[in-house]
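Chemist: Numbering follows UniProt numbering, in which position 195 of the sequence shown is assigned residue number 195; successive positions increment by one, without gaps.
Hints are supplied without guarantee of correctness; some may be wrong.
Derived lysine to any residue pairs resembling SDA-like cross-links, with alpha carbons at most 25 Å apart [unchecked claim]:
id, residue 1, residue 2
1, Lys58, Ala100
2, Lys239, Asp160
3, Lys6, Gln27
4, Lys52, Val145
5, Lys239, Ala39
6, Lys6, Ala237
7, Lys58, Asp160
8, Lys58, Asn83
9, Lys58, Ala39
10, Lys6, Gln240
11, Lys52, Val170
12, Lys58, Ala45
13, Lys239, Glu180
Distance windows between CB atoms, simulated [as the list claims (entries may be wrong)]:
id, residue 1, residue 2, range
14, Gly63, Thr133, 16 to 24 Å
15, Ala203, His82, 29 to 37 Å
16, Pro109, Ser175, 35 to 43 Å
Calculated from the structure, these hints are not laboratory results. All C-beta atoms, glycine included, are put in the ideal place defined by N, C-alpha and C.
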Amino acid sequence: MSAESKPLSGLRVLVPRGGTWGDLVAQALREQGAHTVIAPLVDFAHTSEEDKLVDALKDLEAGRFDWMTATSSTVADVLTHHNAVIHPDTSVALVGEATAVAFRDAGFPITRTPSEDNSTHTLLREWSEIDTTDVLRVLTLRSDVAVPVLTEGLISRGHDVTQVLAFRTVGVPASVHIREDIASGRINALLVASAKIAEEVAAQFPDLPESTIVACIGPNTLAAAEAVGLRDNPGGAQKQALLDTVESVIDQSDMLD
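Build the full structure now, drawing on both the sequences and the hints.
Modeler: Next comes the structure, spelled out in C-alpha cells:
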C-alpha cells in the first residue's frame, strides 16, 4: 500500500504522551500513513503518598502480597526508580500493551494480562484466582487521576487491597513551535488520551482551527473533554481510522487503575 493510499495519509498527529506509550502509538500511526509529533502535554511527578509507597514496596519485596497490579507503563518507571524487587511468590497482573512492554523492558515478571480486549474490565472477568473463597492480599499501584475500577473490583470481591498512588500526573506546557503548528493547522489532528490531557488541550489550544481533528480515546475521556468545553468534531472516516489505530495498541483503560 502506497503512503498516499493509507488511511491516515495527510494527517500530522500530535501524540500527547512520551515514553513507551508515545513510541507505540506513534509507530502504529506512522504505519497507517500519518506523520507524528510526540509532544507530551502531561508528565509524571512524585506521589503525595511517598511514605506509603516506600512501605508498600518493602512489603512487596518481602513477599507480603499475593498479587500486585499495574495499568500504566509509568508504574514500571516508579518501581525502577525505587529499585523495587518483586518477590518470586508475588504474581503480577497488568493491563495495557504499553504496560506490558515497560515491565518486560525493566525486567519485571508478568503473570497475567487479559487474553483479548486488553482492558481492566476484561482482566476482572478473566482473573480466575479472585473469584475463589481465598482472600488475596493485593497491591494496586496507580496514578492520582486514574479511576479505581480495578481496586474497587477487587475490594467488592472481598480481597485485602492496599491501594497506593504511585505517581501524580501533571500538565506540561507545549513549546512555542508546537502551539504555532497547531494554530496554523500544520498539526491537523490531536489525540486526547485522558481527562488530564483533555484539560491541557482545552487550556493550551483554545482556538483550534475548525478543520483540526480532535480524537478522544474512550468514553471517559470524551466526557471529560465535553466538560471542559473541548469540541468533539465529526472527522469522518479518517478520525475513525485514527481512533481505531490508537485503540489497537493502547487500551483506553490506561487511565483506569
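Chemist: The structure should be examined with respect to each hint, and the outcome stated for every one.
Modeler: Against the structure, the hints:
For the hint pairing lysine 58 with alanine 100, the CA-to-CA distance comes to about 23 Å; that is within 25 Å, so the pair holds. Note on lysine 239 and aspartate 160: the hinted pairing is violated, with a Cα-Cα distance of about 43 Å set against a maximum of 25 Å. About 14 Å separates the Cα atoms of lysine 6 and glutamine 27, which keeps this hinted pair within 25 Å; it holds. Under the criterion of a C-alpha separation no larger than 25 Å, the hint pairing lysine 52 with valine 145 is consistent with the structure, at around 17 Å.
Taking the CA atoms of lysine 239 and alanine 39, the gap is near 20 Å; set against the 25 Å cutoff, the hint holds. Our distance criterion of 25 Å between C-alpha atoms is met by lysine 6 and alanine 237, whose separation comes to about 12 Å. Pair hint lysine 58 plus aspartate 160 holds up; C-alpha atoms about 17 Å apart against a cutoff of 25 Å. A distance of roughly 10 Å separates the Cα atoms of lysine 58 and asparagine 83; the hinted pair therefore holds under the 25 Å criterion.
Between lysine 58 and alanine 39 the CA atoms are separated by roughly 35 Å; this puts the pair beyond 25 Å, and the hint is violated. Between lysine 6 and glutamine 240 the CA atoms are separated by roughly 13 Å; this keeps the pair inside 25 Å, and the hint holds. Using a Cα cut-off of 25 Å, the hinted pair lysine 52 and valine 170 holds, with the two alpha carbons roughly 20 Å apart. Our distance criterion of 25 Å between C-alpha atoms is met by lysine 58 and alanine 45, whose separation comes to about 21 Å.
Taking the CA atoms of lysine 239 and glutamate 180, the gap is near 22 Å; set against the 25 Å cutoff, the hint holds. Restraint check, glycine 63 to threonine 133: a C-beta distance of roughly 22 Å satisfies the suggested window 16 to 24 Å. In this structure the supplied range 29 to 37 Å holds for alanine 203 paired with histidine 82, their Cβ-Cβ distance being about 32 Å. One distance hint, 35 to 43 Å for the beta-carbon pair proline 109 and serine 175, holds here, with the actual separation near 38 Å.
The structure is inconsistent with the numbered hints 2, 9, although it conforms to all the rest.
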